[in-house]
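Just so you know, the protein sequences line up as chains E and D, in that order. FYI, the numbering for the first sequence is 390 to 691, going by the numbering used here. FYI, the numbering for the second sequence is 15 to 528, going by the numbering used here.
Keep in mind the hints are simulated off the structure, nothing from the lab. A quick note: this is a predicted structure, and the numbers were derived from the prediction, not measured. Take the hints with a grain of salt, since some may be wrong.
Pairs of lysine-lysine residues, derived as BS3-like cross-links and limited to a Cα-Cα distance of at most 25 Å, are as follows [said to hold, decoys possible]:
| id | chain 1 | residue 1 | chain 2 | residue 2 |
| --- | --- | --- | --- | --- |
| 1 | D | K205 | E | K492 |
| 2 | D | K52 | D | K76 |
| 3 | D | K461 | E | K469 |
| 4 | D | K88 | E | K464 |
| 5 | D | K385 | E | K492 |
| 6 | D | K82 | D | K169 |
| 7 | D | K195 | E | K468 |
| 8 | D | K78 | D | K157 |
| 9 | E | K468 | D | K205 |
| 10 | D | K76 | E | K491 |
| 11 | E | K475 | E | K464 |
| 12 | D | K442 | E | K680 |
| 13 | D | K195 | E | K513 |
| 14 | D | K205 | E | K491 |
| 15 | D | K463 | D | K521 |
| 16 | E | K603 | D | K76 |
| 17 | D | K365 | E | K513 |
| 18 | D | K461 | E | K606 |
| 19 | E | K603 | D | K195 |
| 20 | D | K385 | D | K461 |
| 21 | D | K365 | E | K603 |
| 22 | E | K603 | D | K78 |
| 23 | D | K385 | D | K463 |
| 24 | D | K521 | E | K513 |
| 25 | E | K513 | D | K304 |
| 26 | D | K205 | E | K606 |
| 27 | E | K513 | D | K216 |
| 28 | D | K446 | E | K603 |
| 29 | E | K464 | D | K216 |
| 30 | E | K513 | D | K76 |
| 31 | D | K88 | D | K216 |
| 32 | D | K195 | E | K469 |
| 33 | D | K87 | E | K475 |
| 34 | E | K492 | E | K464 |
Chain E stretches covered by chain D per the calculated footprint, using a threshold of three residues with CB under 8 Å from any CB of chain D [unchecked claim]:
| id | region |
| --- | --- |
| 35 | 457-463 |
| 36 | 496-506 |
| 37 | 517-524 |
| 38 | 531-543 |
| 39 | 579-585 |
| 40 | 601-614 |
Note that beta-carbon positions come from the ideal geometry of N, C-alpha and C, so glycine has one too.
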Amino acid sequence: MQRNIDFSSKFKIANILSLSIFIVSVLFILFKGLNYGIDFKGGTLIELRADSKNVNISEIRSSLNSMNLGDVNIKEFGKKGDYLIKVEQKTGNNNELISQIKKTLINNLNAEISFRRVENVGPKVSSELLQSGIIAISLSLAAMLFYIWIRFEWQFSVGSIVALFHDVIITIGIFSILSLEINLSIIAAVLTIVGYSMNDTVVIYDRIRENLNKYTKLNISELSNLSINETLSRTIITSLTTLLALLSIFIMGGEILRGFSFAMILGVLIGTYSSIFVATPVLKFFKVSYKTLEKKEEKIVP
Amino acid sequence: MLNFSKINIFLIYIIFILVSFFSLLNFQNEQEPLIDKKVNLGLDLQGGSYLLLEINSDPLVKEKIQSKVIPLKKLLKDNNLNYSNFKISEKSLNLSIDNIEKFKLLLFSTKDNFLNPYIDKYNSFELDLKILENNDVQVLFSKYGLLTINNSALKQSIEIVRRRIDDVGTKEPTILQRGEKRILVELPGLKDPERIKNLLGKTAQLNFRLVKDNDEFGIDKLITENGENLNISKRIVMSGENLIDAQPNFNNQSNQPTVSFTLDRLGAQKFGRTTTDNVGKRLAIILDGKIISAPSINEPIISGSGIISGNFTFQEATDLALLLRSGALPTPLDIVEERTVGPDLGEDSIKSGVTSLIIGFILVIFFMLFKYKIFGLVANVALISNLVMLVGVLTILEATLTLPGIAGIILTVGMAVDANVLIFERIKEELKTEKSIVHAFDIGYSKAKITVLDANITTLIAAIILFAFGSGPVKGFAITLGIGIITTLFTAYFLARHLTSIIVLNKKEGQVNL
């Protein structure tokens with residue numbers, strides 16, 4: 390299969406598209422904000438299973454009304470009869486809160502109830518978790534960029550950072566647009582996206598570097614086209630196998646892993662796109678050529 | 015790249031077999047394990063409770079600074095230092111003093127300094143002196159003084175938490191220190207943590223204090239459960255420290271649940287003296303600042319044992335006895351994080367995790383077979399070996415498998431084939447220009463090597479940082495992802511390459527179909 394798609398002629402339109410989605414994402418993150426889960430906001434989460442059809446959301450809500458809990462969020466969760474209740478963080482000591490909520494539900498709901506999951510995160514812990522999440526993302530970005538910088542030229546490092554920011558911001562932006570919950574496992578997903586996108590970018594960059602030395606007469610547009618086409622079937626196959634695995638988690642992996650696998654699916658799609666249409670145009674922007682590679686080597690050898 | 019020396023082949027397969035062997039340990043008879051190693055299931059998969067407790071050392075600091083008042087005043091008096099405006103605040107003692115220089119010398123003397131001992135471990139004094147304006151000074155705990163108070167309180171708390179949890183009798187609890195102020199408690203298999211939370215939420219400081227008739231100096235006004243107002247003397251007759259045993263019991267006449275206790279020698283002496291001197295008066299039994307009961311002393315109690323009655327249920331009496339046996343916490347504990355997963359949800363999670371793993375696995379295997387035929391088979395053998403080795407390494411490390419960890423394995427399945435895809439695609443390219451098939455495979459492997467390494471090292475960096483800085487679910491995911499990358503590199507570059515070399519070297523030219 391010899392492919393010869395002219396990618397570089399589409400760089401401009403792709404960049405305009407990327408930039409506008411990026412800006413929209415930033416605006417949403419800034420103005421609509423993120424739907425933090427209790428991991429990062431603090432609060433209480435209760436997943437319950439009721440084995441009676443009498444129970445519904447409004448009944449659960451009215452039975453909790455008397456407790457003055459503040460903002461209570463109740464939704465169906467997976468199977469019928471499964472509900473997820475989220476209670477905002479209240480100031481003060483929460484040691485008794487969970488047992489009180491449980492008692493109220495058992496007394497007021499006319500059904501056999503089992504509590505499948507109970508989580509309570511205090512305000513101090515939640516802010517620490519958010520902080521360590523942000524540190525983890527920033528550090529891994531920095532470490533990977535450092536690795537690229539050592540292995541490649543600086544232009545490549547800049548290219549990969551632009552692509553990574555693109556991927557991370559747009560993924561988080563989509564979470565903001567769809568009001569999906571950001572919790573600890575989403576942080577893990579975002580970091581894996583970072584790794585995956587980097588992986589994809591490195592494969593193409595590796596080929597561009599190799600071709601720069603091989604075809605010294607070609608300009609960067611022609612080189613980009615050649616390299617992307619040469620690695621295209623690998624890019625597609627790996628994305629496909631990864632997506633197959635992720636889709637199987639998304640569909641079969643249960644409610645808890647759904648947000649995580651959704652973020653990953655988004656990330657793989659965006660990451661694959663960005664290696665071709667974001668990371669590579671950056672090299673074109675810096676006019677990377679055989680000569681820019683050579684110059685660096687001249688500096689090193691006196 | 016296709017030539018393997020005998021020693022290389024031997025090493026590759028011996029490593030593979032050794033690591034794979036460990037993965038089998040998870041299926042051995044649990045009663046008589048051959049080697050006691052297995053992958054542990056996280057609380058989210060087996061069900062159980064995770065509690066993060068935080069000590070609050072403020073009340074302790076207040077107590078400790080108050081205990082410095084008498085030694086400080088004595089020091090000032092013994093050395094004829096004039097002072098005024100002596101004030102006790104939450105964390106410090108404030109006073110005005112004429113001869114600050116002399117006071118400083120005395121406060122920071124290393125010889126027989128009872129007021130302000132020198133902490134060798136930190137090369138620092140327990141107390142610090144802050145000189146304010148005029149002649150005002152402030153005596154407060156130094157950074158290391160506070161640290162010492164905090165650390166000993168934390169250590170003691172861990173010990174008491176352990177005693178209380180062991181007494182309840184849950185299986186295989188984990189109790190660990192986390193940072194400077196926190197205690198992590200993991201209780202696998204526990205369905206409802208309310209009782210344990212209740213037990214850990216009480217400091218259980220027990221006091222015996224006399225009830226006074228009138229509003230004299232040095233009393234606390236407390237209310238009993240029946241709503242009776244009592245004046246309780248501040249002087250503690252005896253505290254829970256003197257208890258050596260406590261058991262739940264029933265009162266012979268009323269059949270009410272009670273708690274009987276036994277005192278140590280010192281406690282028995284104190285208790286005997288007080289009850290002898292105060293026959294006819296009432297003695298209040300106070301737990302964490304609340305009156306449990308205030309019975310009258312009918313006769314001297316010199317046997318060193320007694321009974322606490324109150325309006326208990328038997329469960330409450332049992333818990334009170336447990337609290338008294340395990341001793342008082344030095345300071346209250348707050349539950350700052352709690353996660354409980356019921357056993358049925360854990361089972362569901364394992365089921366859905368394993369189902370999606372199998373389905374993802376099958377999809378990827380068929381895709382690779384379809385795409386690369388015989389070499390797809392090689393990639394699949396590598397993939398299966400990869401999974402087996404991944405489980406083997408997890409077993410060797412006795413790692414904990416969580417639901418995000420299973421997700422990490424599935425992702426490894428998806429991404430593991432990448433190494434082989436990179437190599438095969440490269441070989442395909444080489445086949446276009448290269449006449450000799452063996453040569454094409456050879457060049458393909460060596461050229462793809464750098465790319466495969468670069469690509470995987472970047473992901474490995476992400477996994478390591480996730481592991482180092484992440485918490486809870488993030489960590490579980492990072493472990494399997496990171497180990498998955500290493501086993502992927504091994505299986506793709508050693509196992510699969512060797513299998514490929516067998517196929518290629520045994521085929522006649524022109525028959526390789528990639």
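Hint check results:
{"no.": "1", "hint": "D:K205 to E:K492", "verdict": "holds (15 Å)"}
{"no.": "2", "hint": "D:K52 to D:K76", "verdict": "violated (48 Å)"}
{"no.": "3", "hint": "D:K461 to E:K469", "verdict": "violated (54 Å)"}
{"no.": "4", "hint": "D:K88 to E:K464", "verdict": "violated (66 Å)"}
{"no.": "5", "hint": "D:K385 to E:K492", "verdict": "violated (58 Å)"}
{"no.": "6", "hint": "D:K82 to D:K169", "verdict": "holds (23 Å)"}
{"no.": "7", "hint": "D:K195 to E:K468", "verdict": "violated (40 Å)"}
{"no.": "8", "hint": "D:K78 to D:K157", "verdict": "holds (14 Å)"}
{"no.": "9", "hint": "E:K468 to D:K205", "verdict": "holds (21 Å)"}
{"no.": "10", "hint": "D:K76 to E:K491", "verdict": "violated (36 Å)"}
{"no.": "11", "hint": "E:K475 to E:K464", "verdict": "holds (9 Å)"}
{"no.": "12", "hint": "D:K442 to E:K680", "verdict": "violated (30 Å)"}
{"no.": "13", "hint": "D:K195 to E:K513", "verdict": "holds (12 Å)"}
{"no.": "14", "hint": "D:K205 to E:K491", "verdict": "holds (13 Å)"}
{"no.": "15", "hint": "D:K463 to D:K521", "verdict": "holds (24 Å)"}
{"no.": "16", "hint": "E:K603 to D:K76", "verdict": "violated (75 Å)"}
{"no.": "17", "hint": "D:K365 to E:K513", "verdict": "violated (34 Å)"}
{"no.": "18", "hint": "D:K461 to E:K606", "verdict": "holds (22 Å)"}
{"no.": "19", "hint": "E:K603 to D:K195", "verdict": "violated (60 Å)"}
{"no.": "20", "hint": "D:K385 to D:K461", "verdict": "holds (21 Å)"}
{"no.": "21", "hint": "D:K365 to E:K603", "verdict": "violated (52 Å)"}
{"no.": "22", "hint": "E:K603 to D:K78", "verdict": "violated (76 Å)"}
{"no.": "23", "hint": "D:K385 to D:K463", "verdict": "holds (21 Å)"}
{"no.": "24", "hint": "D:K521 to E:K513", "verdict": "violated (65 Å)"}
{"no.": "25", "hint": "E:K513 to D:K304", "verdict": "violated (29 Å)"}
{"no.": "26", "hint": "D:K205 to E:K606", "verdict": "violated (70 Å)"}
{"no.": "27", "hint": "E:K513 to D:K216", "verdict": "holds (21 Å)"}
{"no.": "28", "hint": "D:K446 to E:K603", "verdict": "holds (17 Å)"}
{"no.": "29", "hint": "E:K464 to D:K216", "verdict": "violated (35 Å)"}
{"no.": "30", "hint": "E:K513 to D:K76", "verdict": "holds (23 Å)"}
{"no.": "31", "hint": "D:K88 to D:K216", "verdict": "violated (36 Å)"}
{"no.": "32", "hint": "D:K195 to E:K469", "verdict": "violated (42 Å)"}
{"no.": "33", "hint": "D:K87 to E:K475", "verdict": "violated (55 Å)"}
{"no.": "34", "hint": "E:K492 to E:K464", "verdict": "holds (20 Å)"}
{"no.": "35", "hint": "457-463", "verdict": "violated (count 0)"}
{"no.": "36", "hint": "496-506", "verdict": "holds (count 4)"}
{"no.": "37", "hint": "517-524", "verdict": "holds (count 4)"}
{"no.": "38", "hint": "531-543", "verdict": "holds (count 5)"}
{"no.": "39", "hint": "579-585", "verdict": "holds (count 5)"}
{"no.": "40", "hint": "601-614", "verdict": "violated (count 0)"}
Of the numbered hints given earlier, the model fails hints 2, 3, 4, 5, 7, 10, 12, 16, 17, 19, 21, 22, 24, 25, 26, 29, 31, 32, 33, 35, 40; all others are met.
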